[in-house]
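Using the sequences provided together with the hints, build the complete structure.
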Amino acid sequence: MTTVHIPFLQTGSLAVGGRLLSEDERSVQSHTDRPSSLTKGHRACQGCAEALAARWVMDTAVEASGGRLIVANATGCLEVFSTLYPESAWKPPWIHSVFANAAAVATGIASSLHAQGKDDIRVLAQGGDGGTVDIGLAAVSGMFERNDDVLYVCYDNQGYMNTGVQRSSATPAAARTATTPAVGRAPGQAWGQGKSMVKIAMAHEIPYVASATPADLRDLEAKVRTAMSIHGARYLHVLVPCPVGWGSESRLSIALARAAVQSGIFPVVEARAGELTDVQRIRERVDVTEYLEPQARFAHLFKPGGEDALARWRAVAEANIRRYHLLGGES
Amino acid sequence: MNGHDAPPTVGLSTGPATSLAYHTGTWRTERPVYVDLAPPCSLGCPSGEDIRGWLGSVQEGEPGLEKAWRRLVAANPLPAVMGRICYHPCQTACNRAEVDEEVGINAVERFLGDTAIERGWALPVPAASSGRRVLVVGSGPAGLSAAYHLHQRGHEVVIREAAAEPGGMLRYGIPAYRLPRDVLAAEIRRIEDTGVRIECGAPVTDLRAAEAEFHAVVLTMGAGVAHHVDIPAGAASHMVDAIDVLRDVAEGNAPLVGRRVAVYGGGNTAMDAARTARRLGASDAVVVYRRTREQMPAHPTELEEAVGEGVRVQWLSTIAAVEGPHLTIERMELDEEGRPHGTGEFEELDADTVMLAVGQDADLTLLEGAADISVEGGVVQVDPATLMTGREGVFAAGDVSPGSRTATYAIGRGARAAAAVDAYLASRVLPAEPVEREATASRLNSWYYSDAPKQHRSALEAARRVTGFEEVLSGLDTEHAVFEARRCMSCGSCFECDNCFGMCPDDAITKLGPGMRYEIDYDYCKGCGICAAECPCGAIDMIPEVR
Chain A
1 MTTVHIPFLQ TGSLAVGGRL LSEDERSVQS HTDRPSSLTK GHRACQGCAE ALAARWVMDT
61 AVEASGGRLI VANATGCLEV FSTLYPESAW KPPWIHSVFA NAAAVATGIA SSLHAQGKDD
121 IRVLAQGGDG GTVDIGLAAV SGMFERNDDV LYVCYDNQGY MNTGVQRSSA TPAAARTATT
181 PAVGRAPGQA WGQGKSMVKI AMAHEIPYVA SATPADLRDL EAKVRTAMSI HGARYLHVLV
241 PCPVGWGSES RLSIALARAA VQSGIFPVVE ARAGELTDVQ RIRERVDVTE YLEPQARFAH
301 LFKPGGEDAL ARWRAVAEAN IRRYHLLGGE S
Chain B
1 MNGHDAPPTV GLSTGPATSL AYHTGTWRTE RPVYVDLAPP CSLGCPSGED IRGWLGSVQE
61 GEPGLEKAWR RLVAANPLPA VMGRICYHPC QTACNRAEVD EEVGINAVER FLGDTAIERG
121 WALPVPAASS GRRVLVVGSG PAGLSAAYHL HQRGHEVVIR EAAAEPGGML RYGIPAYRLP
181 RDVLAAEIRR IEDTGVRIEC GAPVTDLRAA EAEFHAVVLT MGAGVAHHVD IPAGAASHMV
241 DAIDVLRDVA EGNAPLVGRR VAVYGGGNTA MDAARTARRL GASDAVVVYR RTREQMPAHP
301 TELEEAVGEG VRVQWLSTIA AVEGPHLTIE RMELDEEGRP HGTGEFEELD ADTVMLAVGQ
361 DADLTLLEGA ADISVEGGVV QVDPATLMTG REGVFAAGDV SPGSRTATYA IGRGARAAAA
421 VDAYLASRVL PAEPVEREAT ASRLNSWYYS DAPKQHRSAL EAARRVTGFE EVLSGLDTEH
481 AVFEARRCMS CGSCFECDNC FGMCPDDAIT KLGPGMRYEI DYDYCKGCGI CAAECPCGAI
541 DMIPEVR
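Chains as they are written, first to last, in the UniProt record's numbering: chain A, 1 to 331; chain B, 1 to 547.
In short, the hints are calculated from the structure, not lab data.
What you are looking at is a predicted structure, and each value in this text was computed from that prediction instead of being measured.
Treat the hints with caution; some may be incorrect.
Ranges of calculated distance between the beta carbons of each label pair, as one might list FRET restraints [as the list claims (entries may be wrong)]:
hint : chain 1 : residue 1 : chain 2 : residue 2 : range
1    : B       : P63       : A       : H114      : 50 to 58 angstroms
2    : B       : P402      : A       : L327      : 55 to 63 angstroms
3    : A       : G328      : B       : P297      : 44 to 52 angstroms
4    : B       : V435      : A       : A178      : 49 to 57 angstroms
5    : A       : G305      : B       : V307      : 51 to 59 angstroms
6    : A       : H114      : B       : P514      : 41 to 49 angstroms
7    : A       : A186      : B       : V435      : 26 to 34 angstroms
8    : B       : T440      : A       : H114      : 52 to 60 angstroms
9    : B       : R119      : A       : R283      : 34 to 42 angstroms
Glycine is no exception: its CB is placed at the ideal position from the N, C-alpha and C atoms.
In structure tokens form, the structure reads like this:
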């Protein structure tokens, strides 16, 4: 991984900062003068991990670009909660067009800047799973295919949350949503559907693809820095727990992201030119129930009849652990 | 925005604005508040040390060491001594045991104590004198602590000690292999250097005379007289008091004990006596104890160390009779209430010497005729809050008074007595000892501590084991001591890890800078509780919002 080595000083690399760390060992988020690109007063729900991850990503990108950053945003929670007319919670220059075209808008901005010889101004596009994996996929894929100089960040909360929690093609199997009720013989989202956006991005063999979660700030910041050091199409996929859509307590947003990684359900990986180059190893392995049980959308897995789905989730985690060597060994 | 270029009015706002205009704090049903809770180590420390505090200074490395020592001696002026002999209830209570292994607090304390001696750090010398004189009777840990704290509060203090050298049970009860005499002497001398006078070979025999000479008296004579039991014994039997053997060894008069030694009793003195017997050449040292391991008053670590040195324990046994080198041992059994009773089954045990370690009593001849000072169960009764005896201006602390008979408890009670005497001399009411909320393990988010490298730990284990065992082995070096201190999780007290600041989705926490911690902006905090959940040390409470 592209992580910096943090010495153990009461806490190690897992905490945001630490009074004993030197300046250059500190995360962007631990600095009093961090950009705070997404300001307070935004209307994200309590415990929204998307709002948190977006600040982390943006602050790191702002620092990496020396403040010369333009952001294009897809429609979605992130756009809705941050820009209720006439207020904006964004500090960097920020534009929203329509649901499907954030990647295309970003491409246009990047091309225009290039034509003007302003290659030092960097472009970031961002959206939720709806704007990326579903509705915006064509534009994203085109941006990848042309290797446009854009960092695209997807905050994956696994559904259309601000419109009332409908399923998306990133909704996990068996999860209950407004459009996949927990009824019938296979309650919730059907098994065998859905897309892995990380694998789709890797298949384009773009310079850099990575996944991350709000459970590891250092890792996320390092990946944004790495991405910002590269020109061409780059993709970062961040899992962001959603208390409203997932039916979880707002205080658990970080804990759920941690459980997703430590159970093997969400692999944290890094790939260059289509080749998997690194994975984050499981540090303290937990059972999938640690991730699933606190979420009301999986409540039926813990009632009579839920055993099969639970077993299938264990198998998913096992497969991830095998495929990505999450417990160690060669990756 | 300036008014002249404002766009047409739409809705409620008059122009482009930032979301700062919208106060999301109104959504909150619970609010996070920073708290400072008492850590289990300090709550478990009878000496009342601010362990989390001084470990926090050690964490800063070399520049923090002296500050750490100063925070330590604010409670306990004998860290090099206690870093060796304390049974460290702090470590037993340490929450870190639930993550990997408790913090080696005792080893770090010893490191600080030894470093202070090595570098000649001096205790603060109090400036002003209150003009009040206090007599402390006895120079054991309770007396030294009381005298030190009284003098720090500006009173003139004299310790009168009956023995030839100061230290009480530290000198005469604890073997040198556990507490080298130069270490003890150095820490006592350092107290004297602050202006406390210690007069040795000066037994106090007249309480009234003492009261005439001093404004207050603190009784800290300890319990140095061996308790006796009746055992039928033949004339040729060699029975001695364990405490006398320890005293003789301490004075350099090693007695002959023979090849086989039986020690009767199950307390720490019995352990010391058995281990000392091994060092005096006994190939066979057997502790005869009438109850079981679970009931043994000796601290488990002392038992382990004794057994590690080849001491055997004969459980559920009493010495029924001694005839020359032949002991008759009666097997015991426990009744439903856990009390031992003889079974009528006997066996033989050979021993050249029998050491009695069945308890110690206080020498209270000084109090004969003082009807207002009540003595129950062999100890001086005191007001539990003020430690004052029934007689005004006369206080008691340590083994001579009720409570745990350990050096650490004696130091804590000595300090309490000093506070009480100070209040008494100023005609003030002594504030009650605060009842603090404990930072329990369930409040911690141990994830953030889990990456302490293991190789350091294994190196420490060996060093920690030597504490109170073999002085030829050294304590921790600076690197290891600092590392060990950094394993402290700072339970219940913010140590500025930035988690709350970095993980607030609403950017509603302000970092105030080194040592100043953080501030929550309640105008924007939505009360999600992530800060509290991800606070490693449990220093944030979520409390219901009242509007």
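Hints and how they fare:
no.	hint	verdict
1	B/P63 x A/H114: 50 to 58 angstroms	holds (51 angstroms)
2	B/P402 x A/L327: 55 to 63 angstroms	holds (57 angstroms)
3	A/G328 x B/P297: 44 to 52 angstroms	holds (48 angstroms)
4	B/V435 x A/A178: 49 to 57 angstroms	holds (51 angstroms)
5	A/G305 x B/V307: 51 to 59 angstroms	holds (56 angstroms)
6	A/H114 x B/P514: 41 to 49 angstroms	holds (44 angstroms)
7	A/A186 x B/V435: 26 to 34 angstroms	violated (56 angstroms)
8	B/T440 x A/H114: 52 to 60 angstroms	holds (59 angstroms)
9	B/R119 x A/R283: 34 to 42 angstroms	holds (40 angstroms)
The structure is inconsistent with hint 7 alone, although it conforms to all the rest.
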